[in-house]
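> Okay, here's what each chain looks like letter by letter:
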Amino acid sequence: MAILIQFVIGLIFGLGLIVSGMSEPAKVLNFLDIGGIPAGTWDASLAFVMAGAVAVTFIGFGRVLRRARPIFAERFYLPTRRDIDFRIVAGPAIFGIGWGLAGFCPGPALTALGFGSSSGFIFVAAMCAGMVLARFVADRPSLMRFVAPADPLET
Amino acid sequence: MVATSFTPMASLMGGALIGLSAVLLMWAKGRVAGVSGIAARLFPPYEDGEFAGRLAFVAGLVAAPVLVRLATGSLPPQTIEAGTAILVVGGLLTGFGSVWGSGCTSGHGVCGLSRLSPRSLVATVVFMAAGIATVFVMRHWS
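Going down the list, the protein sequences come from chains A and B. Residue numbers for the first sequence follow our numbering, so the first one is 1 and each next one is one higher. Residue numbers for the second sequence follow our numbering, so the first one is 1001 and each next one is one higher.
Just so you know, the hints here were simulated from the structure itself, not pulled from any lab data. All of these numbers come straight from a predicted model, not from anything done at the bench. Treat each hint with caution, since some may be false.
Coverage of chain A stretches by chain B, computed from C-beta distances (three or more under 8 Å per stretch; other residues unrestricted) [said to hold, decoys possible]: (1) 12-19; (2) 30-39; (3) 77-84; (4) 96-109.
Virtual Cβ for every residue (Gly too), placed ideally from N, Cα, C.
Between the sequences and the hints, there should be enough to build the whole structure, so can you do that?
In structure tokens form, the structure reads like this:
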């Protein structure tokens, strides 16, 4: 039952991406293209996607999180960290470059698989490789330490 | 580039559906609807027993356009102008950055902002700025 409900929840998410226009990379790139404002090619629609999504989520989370527990889980799993570290800046910076290159963020990229284009498939394959790599690196912090020449080497 | 039309009502409605999905996942499973986190955990290492649920969520994402095509007989346009090299580099950066930075547009941008998380606010500002800068370089620096 819980599995079926999670499928329907994913389906609603995907329908939202399609209805909103997020599944069209041209629309995403035209939104990010503030250089297109003077020429009139800037598409502000995605600000409305964000507004609609955040408004519903803000109100809905407020109500849901007052419950003792979720329907199909023991407890709520909410991120608790509030510190600003290197990764919370560098990760989104890297993601933003990828987003600006092709116009896909992870949700619309997965939905693109259902559109059946080979381009979407190529992007998703590379995205999954990047995700696996990120988890590998995150598990081994020493791989991502930047050692300046003057730093003493760890022994 | 392909011109697109301004669709405030459709985008607002679609955004509301995305929000509804996020609220329902929190209600049902107590989890943040962050697509990058859900997709990344379809691959090992597996830390909990939620694989089937995550796969079902992703299957729903993929099934959405199939359902739209069955119901209406057509799909809205999807214009992918990027060539293979850009798709591969863009995909790698999107996958790596979103997972290494603990979230993407949905996890940070929708769920995190709705929870007033300072980390998600920083992340959202940074990926928006990086996306804008990248498009600016790609389109206007040639």
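> It remains to establish, for every hint, whether it holds in the given structure.
Right, here's what the structure says about each hint:
A count of 8 residues in the stretch 12-19 of chain A with a Cβ less than 8 Å from any Cβ of chain B is obtained; the coverage claim is therefore met, three being the minimum. Coverage of the stretch 30-39 of chain A by chain B holds. Counting CB-CB distances below 8 Å, 6 residues qualify, and the rule asks for three or more. Check on the stretch 77-84 of chain A: 7 of its residues sit with their Cβ under 8 Å from a Cβ of chain B, so the three-residue criterion for coverage holds. With 13 residues having a Cβ less than 8 Å from any Cβ of chain B, the stretch 96-109 of chain A passes the three-residue criterion, so the hint holds.
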